[in-house]
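S.K.: Sequence:
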Amino acid sequence: MITVAMSCAIRAEPLRVWHALTDPHEVAAWDAVNGNEGALDAPPDYPKPGQHVRWRYRQGGVPTILHDRPIEVVPGDHLRSLIELGQLRFYETYTLLKESEGGTRLGLRIIAQNVVPVVGGVLDRFEVRRLVTHMVNSSLEAIRSWCERDRSDV
Numbered sequence: 263m264i265t266v267a268m269s270c271a272i273r274a275e276p277l278r279v280w281h282a283l284t285d286p287h288e289v290a291a292w293d294a295v296n297g298n299e300g301a302l303d304a305p306p307d308y309p310k311p312g313q314h315v316r317w318r319y320r321q322g323g324v325p326t327i328l329h330d331r332p333i334e335v336v337p338g339d340h341l342r343s344l345i346e347l348g349q350l351r352f353y354e355t356y357t358l359l360k361e362s363e364g365g366t367r368l369g370l371r372i373i374a375q376n377v378v379p380v381v382g383g384v385l386d387r388f389e390v391r392r393l394v395t396h397m398v399n400s401s402l403e404a405i406r407s408w409c410e411r412d413r414s415d416v
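Residue 351 in the working numbering sits at position 89 of the sequence shown, with consecutive numbering throughout.
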């Protein structure tokens, strides 16, 4: 298995960051940079362990579905989910820590399989690590930008 973990400081309270992670409309908004076009079937009480939410993505112009299955949800503390995107299957864990100046330290850890089969071959462990590292970094950057933006224009 491959594990990639990073964190970033966000100039926003943990409750604000938690809302960005758990409100389907906000997730679609900040994750649009990664191709997220919105949830197809997120229930009003998302996220709860045992739910299965499908998110519509567009990768390189190709529509695809990301399957999100929350496993462990501790509001304001952490959110752990099993994610499936085609043949790529991984565990994603967001953790929130309140920082002394009123901000939040947001961590994201992804644990993925070493090899992913694709049409015509496989993604080896180096390509999987590169892909997962990009996913972690771009997600943290997108969430930070979303939570720190000027809320007066919302």
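Hints listed in this document are in silico derivations from the structure and should not be mistaken for laboratory results. Think of the CB as a built atom: it goes at the ideal place given N, C-alpha and C, for glycine as much as any other residue. Hints are supplied without guarantee of correctness; some may be wrong.
Calculated cross-link-like contacts (lysine to any residue; reagent style SDA-like; alpha-carbon spacing at most 25 Å) [what the hints assert, rightly or not]: (1) Lys310 to Ser362; (2) Lys360 to Ala301; (3) Lys360 to His314; (4) Lys360 to Thr326; (5) Lys310 to Gln349; (6) Lys310 to Val324; (7) Lys360 to Arg316; (8) Lys310 to Leu359; (9) Lys310 to Thr355; (10) Lys360 to Arg392; (11) Lys310 to Trp292; (12) Lys360 to Pro325.
Derived CB-CB ranges, DEER-like [what the hints assert, rightly or not]: (13) Arg273 to Arg351: 31 to 41 Å; (14) Gly322 to Asn399: 15 to 25 Å; (15) Gln375 to Thr326: 13 to 23 Å; (16) Gly312 to Arg411: 13 to 23 Å.
S.K.: Evaluate each hint against the coordinates.
M.R.: Evaluation of the provided hints:
no.: 1; hint: Lys310 to Ser362; verdict: violated, 29 Å
no.: 2; hint: Lys360 to Ala301; verdict: violated, 28 Å
no.: 3; hint: Lys360 to His314; verdict: violated, 29 Å
no.: 4; hint: Lys360 to Thr326; verdict: violated, 35 Å
no.: 5; hint: Lys310 to Gln349; verdict: holds, 24 Å
no.: 6; hint: Lys310 to Val324; verdict: violated, 29 Å
no.: 7; hint: Lys360 to Arg316; verdict: violated, 30 Å
no.: 8; hint: Lys310 to Leu359; verdict: holds, 21 Å
no.: 9; hint: Lys310 to Thr355; verdict: holds, 14 Å
no.: 10; hint: Lys360 to Arg392; verdict: violated, 29 Å
no.: 11; hint: Lys310 to Trp292; verdict: holds, 21 Å
no.: 12; hint: Lys360 to Pro325; verdict: violated, 37 Å
no.: 13; hint: Arg273 to Arg351: 31 to 41 Å; verdict: holds, 34 Å
no.: 14; hint: Gly322 to Asn399: 15 to 25 Å; verdict: holds, 19 Å
no.: 15; hint: Gln375 to Thr326: 13 to 23 Å; verdict: holds, 18 Å
no.: 16; hint: Gly312 to Arg411: 13 to 23 Å; verdict: violated, 33 Å
Of the numbered hints listed earlier, those contradicted by the structure are 1, 2, 3, 4, 6, 7, 10, 12 and 16.
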